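Residue numbers (the working numbering): 44 to 415.
Mixed in with the good hints there might be a few duds.
Restricting the straight-line Cα-Cα distance to at most 20 Å, the calculated cross-link-like pairs of lysine to any residue (SDA-like) are [unchecked claim]:
#, residue 1, residue 2
1, Lys-45, Leu-62
2, Lys-108, Ser-119
3, Lys-45, Gln-87
4, Lys-63, Leu-296
5, Lys-45, Ile-106
6, Lys-45, Arg-118
7, Lys-140, His-205
Calculated from the structure, these hints are not laboratory results. These numbers were taken from a predicted model, which means no experiment stands behind them.
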Amino acid sequence: MKVAHLTSAHPRYDTRIFLKECRSLAAAGHEVTLVVADGRGDEQRDGVRIVDVGKLPGRWNRIFKTTRRVLVRARSLAADVYHLHDPELMPIGRRLKRQGRTVVYDAHEDLPRQMLAKHYLNGTVSRMLSRGVEVYQRRACGDFDAVVAATPYIRDRFAEFHPRVVDVNNFPMQGELSGAPDPTLAASPEEPPSVCYVGGIAPIRGIREIVRAMESVDQECRLQLAGSFNQLAVEQEVMTYAGWARVEAHGYLDRDGVRRVMGGSLAGLVTLHPVINYLDALPVKMFEYMSAGVAVIASDFPLWREIVVGNDCGLCVDPLDPPAIAEAIDFLVANPVRAREMGANGQRAVAERYNWQQEEDKLLDTYRALSG
Numbered sequence: 044m045k046v047a048h049l050t051s052a053h054p055r056y057d058t059r060i061f062l063k064e065c066r067s068l069a070a071a072g073h074e075v076t077l078v079v080a081d082g083r084g085d086e087q088r089d090g091v092r093i094v095d096v097g098k099l100p101g102r103w104n105r106i107f108k109t110t111r112r113v114l115v116r117a118r119s120l121a122a123d124v125y126h127l128h129d130p131e132l133m134p135i136g137r138r139l140k141r142q143g144r145t146v147v148y149d150a151h152e153d154l155p156r157q158m159l160a161k162h163y164l165n166g167t168v169s170r171m172l173s174r175g176v177e178v179y180q181r182r183a184c185g186d187f188d189a190v191v192a193a194t195p196y197i198r199d200r201f202a203e204f205h206p207r208v209v210d211v212n213n214f215p216m217q218g219e220l221s222g223a224p225d226p227t228l229a230a231s232p233e234e235p236p237s238v239c240y241v242g243g244i245a246p247i248r249g250i251r252e253i254v255r256a257m258e259s260v261d262q263e264c265r266l267q268l269a270g271s272f273n274q275l276a277v278e279q280e281v282m283t284y285a286g287w288a289r290v291e292a293h294g295y296l297d298r299d300g301v302r303r304v305m306g307g308s309l310a311g312l313v314t315l316h317p318v319i320n321y322l323d324a325l326p327v328k329m330f331e332y333m334s335a336g337v338a339v340i341a342s343d344f345p346l347w348r349e350i351v352v353g354n355d356c357g358l359c360v361d362p363l364d365p366p367a368i369a370e371a372i373d374f375l376v377a378n379p380v381r382a383r384e385m386g387a388n389g390q391r392a393v394a395e396r397y398n399w400q401q402e403e404d405k406l407l408d409t410y411r412a413l414s415g
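With the hints as constraints, model all of the structure from the sequences given.
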């Protein structure tokens, strides 16, 4: 089949969209085109044709003008299946559907619940927006041919009104992050051991508490910080904390850089705040830490505790309590053998259950059903 994946907001090498879904479909024999809007031009990569509609400044331009460009390019492809990756593309999906096209919506997030977590909106406004998004999402996606959900929880939400929904979880590709140096060892005998945080950096993702925790860590330890801050003011703020003296900030890293940072760390932090859209999420980085053989320090949410404690691959803490985070770091630094055991347990769990190869089968099965 000719397949077109469409995004107006994600980078062209997005882990879920390009590295996993598009490459898996191409490897299965489909003719795959990925339409992006980053201004970096067209290219052919890993069996996927990448088509760029150009980047426009500003969010409103992206939502209104860029989406129109995506629609024009999508129509020109005459694909058998159009696979949408952004909520702002739902109107495009409806127009394609009215023209008789097969349309799949990929629900990366629970958008209505995400509205409730917007800190800059008051409660009444966020509830109204959430309800409005819920109504529109049901109306739009109800017309689509299939919904691919990033978690079982999101799957169940869409299954309330759509007959063809499948969860294709964002689990790691086996071997991508493993094979790195022993994660319980420091880079050299003279250097202290490290823990790491990899991913987008924001207050809601716990950056303030993590850096505060480094002030209280008793063991010799460094924090390897890999990712970009979403706000300059927050970056400037945490740089004034005493714990920043124990931070090595790497900025955004490619996959090789991520592998090196994880490979040189004895634990990975994923201490997101207990906001409504995180409680039932399956954070990619948690499973990537596990895949790399790195012990996990995670927020003590029921679903996450079931995974982390259930597989004995790390520790769960109150993400709003810097001393609790520091205590977990101290324990793993002081007990490297135990940290290594937890890391191995996590790696085993990924090999047996939480891996992309199993999720890929569900994606391919969905496409086979659409072609029939």
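- Hints the structure violates: just list their numbers, smallest first. The structure breaks only hint 5.
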